[in-house]
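Peer 1: Sequence:
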Amino acid sequence: MPAWMDNTFWAFVALLIFIGIAVYFGVPRIIGQMLDKRIKQISDELDEAKRLREEAASLLVEYEQKRVSAEKEAEEIVTAAKRDAERMTADAQTALEDLIARRTKAVEDKIAQAEAQAVAEVRSRSADLAIEAARVILAEEVAKNGDKLVESAIKDVGSRLN
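Quick note on this note's numbering: the sequence shown kicks off at 15 and runs consecutively.
It is worth saying that the hints were derived from the structure and are not from the lab. Where a beta carbon is used, it is the ideal one built from N, C-alpha and C, also for glycine. Among the clues, some could well be false.
As the list claims (entries may be wrong) - Using C-beta positions, here's what the derived DEER-type ranges look like:
id, residue 1, residue 2, range
1, MET19, GLN55, 32 to 38 Å
2, GLU85, ALA63, 27 to 33 Å
3, VAL156, THR118, 31 to 37 Å
4, MET48, LYS86, 32 to 38 Å
5, ARG137, SER173, 36 to 42 Å
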């Protein structure tokens, strides 16, 4: 056997036969179809990823707008609450002042009533004392000058009747 027909030669021939059989059965076409299918799948995945990225970006913008809107609404709520609190504080202050004025007036009225009652009691007591003093004085006078008073009264009645 010639020297050029060594193992390398037979390996080369086997490789050519293998490539020939692969080409005969359409292996390159099948590999091409598989690669095209894989390329299409990767392209579809990239398109889907791009679509998802765009959707995520639009959602991000939408949620950012919602966040800004919610912050604005929260600020409005806080402002309204502060206004309401200030109004309620002013109303409560006014109501407290009215209550204090009414209670002060009621206390002043009670004091005036108690003073009037005390004055009435003093007058009543003074009148009672004056009557008692007059009764005592009259009793003493009647005891001393009772006969003269009766005679004088009879004369007085007699002159008035005539």
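Peer 1: For every hint, state whether the structure bears it out.
Peer 2: Verification of the supplied hints:
| no. | hint | result |
| --- | --- | --- |
| 1 | MET19 x GLN55: 32 to 38 Å | violated, 46 Å |
| 2 | GLU85 x ALA63: 27 to 33 Å | holds, 32 Å |
| 3 | VAL156 x THR118: 31 to 37 Å | violated, 56 Å |
| 4 | MET48 x LYS86: 32 to 38 Å | violated, 56 Å |
| 5 | ARG137 x SER173: 36 to 42 Å | holds, 38 Å |
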